[in-house]
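Based on the hints, put chain B in the right spot on chain A.
The lines below spell out each chain.
Number of protein chains: 2
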Amino acid sequence: MEQEKTAQPAEAPAVQQQQQEKKAKAPKQPKAPKPSQQPKQKKEVAVVGGKKQGAELIGITATKDGNFSAWYQELVLKAEMVEYYNEASTEMPSTASMYIWNTIRNWFQARIAERGVDEASFPMFLSKTSLDKEKDHVEGFAPELAWVTKAGDKDLEVPVAVRPTSEAVMYPYFSKWIRSHRDLPLMLNQWNSVVRWEAKQTTPFLRTREFLWQEGHTAYLTEEESAKEVRDILELYAGVYEELLAVPVVRGKKTEAEKFAGGAWTTTVEAYIPANGRGIQGATSHCLGQNFSKMFDITVEDPVNKGEKIHVWQNSWGLSTRVIGVMVMIHSDDKGLVLPPRIAKLQAILIPVGITAKTTPEDREAHAKKLEEIRVSLKKAGVRCDTDLRDGYTPAWKFNDWELKGVPLRIEFGPKDAAQGVVTVVHRHSGEKGTIPIDDLATKVPTLLEDIQKAMYDKADASFTEHRLVLEDWEKVLPALNTKNVVIIPFCEAPACEDRIKDMTKEEKPMLGPDGKPLPSMGMKSLCIPFTQPKELVSGTKCLNPECKAEAKSWTMFGRSY
Amino acid sequence: MEQEKTAQPAEAPAVQQQQQEKKAKAPKQPKAPKPSQQPKQKKEVAVVGGKKQGAELIGITATKDGNFSAWYQELVLKAEMVEYYNEASTEMPSTASMYIWNTIRNWFQARIAERGVDEASFPMFLSKTSLDKEKDHVEGFAPELAWVTKAGDKDLEVPVAVRPTSEAVMYPYFSKWIRSHRDLPLMLNQWNSVVRWEAKQTTPFLRTREFLWQEGHTAYLTEEESAKEVRDILELYAGVYEELLAVPVVRGKKTEAEKFAGGAWTTTVEAYIPANGRGIQGATSHCLGQNFSKMFDITVEDPVNKGEKIHVWQNSWGLSTRVIGVMVMIHSDDKGLVLPPRIAKLQAILIPVGITAKTTPEDREAHAKKLEEIRVSLKKAGVRCDTDLRDGYTPAWKFNDWELKGVPLRIEFGPKDAAQGVVTVVHRHSGEKGTIPIDDLATKVPTLLEDIQKAMYDKADASFTEHRLVLEDWEKVLPALNTKNVVIIPFCEAPACEDRIKDMTKEEKPMLGPDGKPLPSMGMKSLCIPFTQPKELVSGTKCLNPECKAEAKSWTMFGRSY
Chain A
1 MEQEKTAQPA EAPAVQQQQQ EKKAKAPKQP KAPKPSQQPK QKKEVAVVGG
51 KKQGAELIGI TATKDGNFSA WYQELVLKAE MVEYYNEAST EMPSTASMYI
101 WNTIRNWFQA RIAERGVDEA SFPMFLSKTS LDKEKDHVEG FAPELAWVTK
151 AGDKDLEVPV AVRPTSEAVM YPYFSKWIRS HRDLPLMLNQ WNSVVRWEAK
201 QTTPFLRTRE FLWQEGHTAY LTEEESAKEV RDILELYAGV YEELLAVPVV
251 RGKKTEAEKF AGGAWTTTVE AYIPANGRGI QGATSHCLGQ NFSKMFDITV
301 EDPVNKGEKI HVWQNSWGLS TRVIGVMVMI HSDDKGLVLP PRIAKLQAIL
351 IPVGITAKTT PEDREAHAKK LEEIRVSLKK AGVRCDTDLR DGYTPAWKFN
401 DWELKGVPLR IEFGPKDAAQ GVVTVVHRHS GEKGTIPIDD LATKVPTLLE
451 DIQKAMYDKA DASFTEHRLV LEDWEKVLPA LNTKNVVIIP FCEAPACEDR
501 IKDMTKEEKP MLGPDGKPLP SMGMKSLCIP FTQPKELVSG TKCLNPECKA
551 EAKSWTMFGR SY
Chain B
1 MEQEKTAQPA EAPAVQQQQQ EKKAKAPKQP KAPKPSQQPK QKKEVAVVGG
51 KKQGAELIGI TATKDGNFSA WYQELVLKAE MVEYYNEAST EMPSTASMYI
101 WNTIRNWFQA RIAERGVDEA SFPMFLSKTS LDKEKDHVEG FAPELAWVTK
151 AGDKDLEVPV AVRPTSEAVM YPYFSKWIRS HRDLPLMLNQ WNSVVRWEAK
201 QTTPFLRTRE FLWQEGHTAY LTEEESAKEV RDILELYAGV YEELLAVPVV
251 RGKKTEAEKF AGGAWTTTVE AYIPANGRGI QGATSHCLGQ NFSKMFDITV
301 EDPVNKGEKI HVWQNSWGLS TRVIGVMVMI HSDDKGLVLP PRIAKLQAIL
351 IPVGITAKTT PEDREAHAKK LEEIRVSLKK AGVRCDTDLR DGYTPAWKFN
401 DWELKGVPLR IEFGPKDAAQ GVVTVVHRHS GEKGTIPIDD LATKVPTLLE
451 DIQKAMYDKA DASFTEHRLV LEDWEKVLPA LNTKNVVIIP FCEAPACEDR
501 IKDMTKEEKP MLGPDGKPLP SMGMKSLCIP FTQPKELVSG TKCLNPECKA
551 EAKSWTMFGR SY
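Taken in order, these protein sequences are the chains called A and B. Taken in order, the first sequence gives residues 1 to 562; the numbers are from UniProt numbering. Taken in order, the second sequence gives residues 1 to 562; the numbers are from UniProt numbering.
For reference, chain A alone in the conformation it holds in the complex (with noise of 0.2 Å):
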């Protein structure tokens, strides 16, 4: 290891000068890093030089454990994940973030296109007329709804609002469309924003007033085909968690209270962010059943009662932005940002070490030559790197910015490197170092970071699984969720019960952390029945909640949750 991650004396500003306009002319040097990946403070770096200053300056200053919000708001701003948008009072996602959005749409709309699923792209307006269609559906989404009244300066003779979600735009096309079982399957799916115009504060990726999602929208003639795509979207989205973002979840269905109101029954997969023990709601995938349907009246006649009218069973799923910050909160620490190497748009930065004032000229080339090679051959073996060649900065101030950006594998290569043909590697994730010869980049590093994926993956799973109690005794459910837990309990599945349950667990007085501070005291609700049960529900097993005499239908995961 040739390099420690100490601070590097600054260069003298005349020889930054000189080596920027040296820069500037070179055709072949590398381009520099994108604006979006650049920290804004670079100007007071140069001026003060020294590698603390800029360490502290580009650093977060909450801590994970301390402030878990305040520690994420920070994170993402200067992660550079989002940026915030005065304008509509909330965040957009930054170009590294639409990196990530379009590496999951490719995953899933490739997925979903073999399933025969057709893109479509509905209007985003719609008016109150259609809206009052659906209205049991549509009266969440009412306080939330941005409504244009005005055209130029003439106003609208129906004002139209934009979409929250698409049922009022789409399924009267649904009804015009599908006239007879052989146009059965209607499979559509679009990608887009909607927007929800939240009073309350907004949420980088949890909560903001547009976002982007995929809404899928199916309709077909029977129960079970319909039941089927269901589940089978549902482990699509399990596998946009535990395979491009390195976030183990749990499959399973809500309960009656939790379910979307519209639907029959919804499915969802559920994260868990440890550093709160808070439970996440990952993405859902409904059986809207005929509820739909026969609002719509989207019928076919029975292909084998003739005559009979069939109301067509309906689906609806959705992934949005979210994932993005679920990811965020589970993987990341007070350096800043950790990125699964699978949806990193840079997934490796090389940085030159050892190179001070005292280097000669033609060793500061030679020196960039070997940098430039070893860049190739990794772009060449598919690994997405990149070299950090800003002058005026230290080794050290460079190791901080890309840590705070999530870059999952650092490579320095300095002098000492370059005599015994190795570079320095080091992991992100973990902190880890080692070295790995030159010739061997190629095949090592492509390995590498799969290894990275998966150990961000079994990390993540061991923390959910370690903390993912089956209780069978009321009186250790609030110790549990206290101690950052989310439990799996007997439960009746009654939404009185789970309101009760949900006050129930409610404090008054919260208790204190171990730093002192008041550990979240909001009620557990439920997170879903998990498909995988822990184990069988003994016949005749009561609810957990002492308060109900009713019999558990399952064992329901509940927790403390966004």
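Be a bit skeptical, because a hint or two may be false.
Given that identical chains are not distinguished, each listed pair holds provided it fits within a single copy or across any two copies.
Claimed, not checked - Below 25 Å or equal to it, Euclidean Cα-Cα: the simulated BS3-like pairs (lysine-lysine) are: (1) Lys128 x Lys150; (2) Lys525 x Lys259; (3) Lys133 x Lys154; (4) Lys525 x Lys502; (5) Lys78 x Lys176; (6) Lys128 x Lys200; (7) Lys128 x Lys154; (8) Lys154 x Lys200; (9) Lys433 x Lys379; (10) Lys502 x Lys476; (11) Lys135 x Lys154; (12) Lys294 x Lys133; (13) Lys309 x Lys228; (14) Lys133 x Lys150; (15) Lys549 x Lys506; (16) Lys128 x Lys294; (17) Lys525 x Lys535.
What the hints contain is simulated information worked out from the structure, not anything from laboratory work. Computed from a predicted structure; not experimentally measured.
Only chain B this time, still in chain A's reference frame:
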């Protein structure tokens, strides 16, 4: 050739019904065509049974030569390229159109990603305050802005408009992100929909209140780099038309009168509609110069002359779903849509023929098996194809239906074809017929599809070439326009002269065409100054406008246009 395009007796309803039931249970039955491809009139057709009625019901009543505008409107609805959307009095793209758009999107996206353009996703709303920043530019959009004034039932303190384009949303961030010449170039693109609430009647694909597009926005240190990109992107736009849509275009520069008002200069690809002799703008790539960087204060320190500020050079470039409309107008005919194979979701439709009520169940089954073998072998060869096994429809009705939908290749297969080991193929664009040995399908059909693509391009190109007249005599201009030509004339490029030319080429009493109907009476406007000039402009040549005393600056292409 087995089957002439004539009527087959429709099967008796009882037979139909039996077969439908049988099909519905058969697990391996190839999937029925998608709803978006299915005739809406089939119930009536099934009742009337005969061939002529069916053919008449699904056909287009207007003709391309007789009433181009009515023909187009009818075509895009009946061929299911758009659906009318009542809520916003506009049209929306169908899944068939979305397939085309996504093919274009993937093609273009791969090429700009290769250039290093990052994908962005800026919000859809912007406030009056930020719009006012670029008043001149936004003035043209002002009457078409859709204003959100309420969220739920509360009035917004500051109303926000839905973006008609994103300069005002994006450039404040350019100012924030670009802090040094090392942050350049900044190259962003987004795929989204924009809203321009047109008061005028909408035209599918050409003028709708919401439409899909991509908008690229970039910033460079130097004018040279910026100018190079403008042309590179224009070449990609030409590629979309020429390589994907089989539409020839002329690349050129817009005159001052026709350029994007906010920019320095505009480049364009211009297409030509043979049916009415009009030019149509295909897509534009703008050099914005430093206009916006001065408005939005987007500067860097001059890397050469330290301490000096440089306003960055910006470009913007956009391609919208309009491309689909241009393609439809050029290739389609009185029978319906004609799609170039490269962008057709369904490239070949396989139709069983020669099966009558007398055919035995065994023969039917053997024939169906062979059809499925053909379909599978074509699919393996990479041909996007499907089989039309719908009962109760004559082959002739199916021929008409798939002609209406524009499928490039019809493959007919009957017992007599089977006996000879061939299929009969019919080219949608030319009506040409031929046979192909079944054993050669996997090699011959892909080649044939490429031949069709080329033939469609060549036909359109020949027509554009023939109708692009280089004129040096003013007296010939009006007759040329009246016989469906565009003209290339010596022109001074002055906006006032251009206005005058427009007036001079309007006709008070329009001439009547060969069908006795009046010919278009609009004046001509400049389409572009072609980069490839038709010949050298002799020094001292006068502007062709007889009232103009100025010297011509270029050969400029003029025409009646969209």
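Right, here's what the structure says about each hint:
When the C-alpha separation of Lys128 and Lys150 is checked against a cutoff of 25 Å, the pair qualifies both within a copy, at 15 Å, and between copies, at 13 Å. With identical chains, the CA atoms of Lys525 and Lys259 are at most 25 Å apart within one copy only, with a shortest distance of 12 Å there and 59 Å across copies. Proximity of Lys133 and Lys154 under a CA criterion of 25 Å is satisfied inter-copy only: 22 Å between copies versus 27 Å inside one chain copy. In this homomeric assembly, Lys525 and Lys502 come within 25 Å of each other (Cα to Cα) only inside a single copy, at 6 Å, whereas the closest approach across copies is 71 Å.
For the identical chains of this complex, Lys78 and Lys176 are inter-copy neighbours only, at 14 Å across copies versus 49 Å inside a copy, given an alpha-carbon limit of 25 Å. In this assembly of identical chains, Lys128 and Lys200 lie within 25 Å of each other by CA distance both inside one copy and across copies; the values are 24 Å within and 23 Å between. When the C-alpha separation of Lys128 and Lys154 is checked against a cutoff of 25 Å, the pair qualifies both within a copy, at 19 Å, and between copies, at 16 Å. In this assembly of identical chains, the alpha carbons of Lys154 and Lys200 lie at most 25 Å apart only when taken from different copies (14 Å versus 31 Å within one copy).
Proximity of Lys433 to Lys379 under the C-alpha cut-off of 25 Å is restricted to the intra-copy arrangement: shortest distance 22 Å within a copy versus 50 Å between copies. For a Cα distance limit of 25 Å, the shortest separation of Lys502 from Lys476 inside one copy, 15 Å, qualifies, whereas the shortest one across copies, 85 Å, does not. For the homomeric pair Lys135 and Lys154, the shortest alpha-carbon distance between copies (19 Å) is at most 25 Å, but the shortest distance inside one copy (28 Å) is not. Taking the closest pair of Cα atoms, Lys294 and Lys133 come within 25 Å of each other only inside a single copy of the chain (11 Å); across copies the shortest separation is 50 Å, beyond that limit.
For the homomeric pair Lys309 and Lys228, the shortest alpha-carbon distance inside one copy (23 Å) is at most 25 Å, but the shortest distance between copies (62 Å) is not. In this assembly of identical chains, Lys133 and Lys150 lie within 25 Å of each other by CA distance both inside one copy and across copies; the values are 23 Å within and 21 Å between. In this assembly of identical chains, Lys549 and Lys506 lie within 25 Å of each other by CA distance solely inside one copy; the values are 21 Å within and 88 Å between copies. Taking the shortest alpha-carbon separations for Lys128 and Lys294, only the intra-copy value of 20 Å comes in at or below 25 Å, while the best inter-copy value is 43 Å.
Taking the closest pair of Cα atoms, Lys525 and Lys535 come within 25 Å of each other only inside a single copy of the chain (21 Å); across copies the shortest separation is 78 Å, beyond that limit.
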